[in-house]
Amino acid sequence: MKFLKFLAVGILFGIILVKSEAVSWYRIFEMFKFQSFHMYGIIGSAVVLGVVSIYLIKKLKLKSINGNQIHIPSKNKSFVNYLLGGIIFGLGWALAGACPGPMYILLGTGVFSMLIVIASATLGTFVYGLLKNKLPH
Amino acid sequence: MEYILNPWPWYISGPLITLIMVILILFGKNFGMSSNLRTLCTIGGADKYADFFKIDWKSYSWNLVVVLGAIIGGFIATQFLSNGAPIDLSVETIKDLNTLGFSNAGENLLPPEIYSWDAILSVKGMSVIIIGGFLVGFGARYAGGCTSGHAISGLSNLQLPSLIAVIGFFIGGLVMTHFILPLIF
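Line by line, the protein sequences give chains C and U.
Numbers given in the numbering used here equal positions in the first sequence, counted from 1, plus 444.
Numbers given in the numbering used here equal positions in the second sequence, counted from 1, plus 262.
Hints were generated in silico from the structure; no laboratory data involved.
Using N, Cα and C, we set each Cβ at its ideal position, and we do this for glycine too.
Hints are not guaranteed to be accurate.
[Stated by the list, open to error] Covered stretches of chain U (chain C as the covering partner; in silico rule of three or more C-beta atoms under 8 Å from a C-beta of chain C):
| hint | stretch |
| --- | --- |
| 1 | 309-321 |
| 2 | 364-377 |
| 3 | 387-394 |
| 4 | 409-415 |
Here chain C stands alone, though its shape is the one from the complex:
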């Protein structure tokens, strides 16, 4: 029962991303070609509103529904892993046209070849885990 609310959030997330076309390979291509405002509008408005929302959540010291103080973790302070990891991610994002949320959503839209993308992304994560200590961070 406690999982039902997360299921509902997931369903909403899936619907929004399909209806926004952010799950489309074509929209990602168009974004990296700077030929449309669409994706920049989506991410930009989400971030601007997100900044205001998180500011208010902190300012008002809101509690989560379990009654705990909300704590939004800060990212570790480092540089190389964010830049290199980011570049590798970006190469894959523009090639496959799908990032880790849309992969699952697209599977739901009936694109079963997405299972291969999800499997390779899981393998990529596994290989990162194996190499983690040897990579610069």
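Based on the hints, put chain U in the right spot on chain C.
Structure of chain U alone, referenced to chain C:
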């Protein structure tokens, strides 16, 4: 109803994505999809091979439920909430894609030139999605997050590391789109 069936404009979609993030924060969680790939590795037994996967996957199972919901949401959106309108891509994008050999750009969510079974059962097609998926999975964990964790949640929380990661996303994406895709297609 027509407003729902048509594609949603950015000024509706963007704020709704913020809403997803805020709901998860109010549920005491955070918005990040790529960590599910790590959880999947742990469930599959990867903790025997690397300490990175020694996590209590049950404490992340809520996020797998979000994934399950996302799959259902994708199904609902295409089956019941869409009118099959083509994606309203810019004229230049359609022209550039034509030059690369992608016809009927925007008629589906994904190009059949990459994702149809015919394409996937070729060496090139299979390589494209396997390499693409691998880079996404590897890069997201190396960078500590993906579009949801860094570009949305991290930037909203004014995290400098997330800005660096997003700049990385764009360097990689621009190199792929402008230099590598024309070599592949």
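Are three or more residues of the stretch 387-394 of chain U within 8 Å, CB to CB, of chain C?
holds (count 6)
So is the stretch 309-321 of chain U in contact with chain C by the C-beta rule, three or more residues under 8 Å, or is the coverage claim wrong?
holds (count 4)
Taking 8 Å as the C-beta cutoff, is the stated coverage of the stretch 409-415 of chain U by chain C satisfied by three or more residues?
holds (count 6)
Tell me whether the statement that chain C covers the stretch 364-377 of chain U is true, taking a Cβ distance below 8 Å and needing three residues at minimum.
Our answer is that it holds, as 7 residues pass the Cβ test (under 8 Å) against chain C, meeting three.
The earlier numbered hints are all upheld by this structure, with none contradicted.
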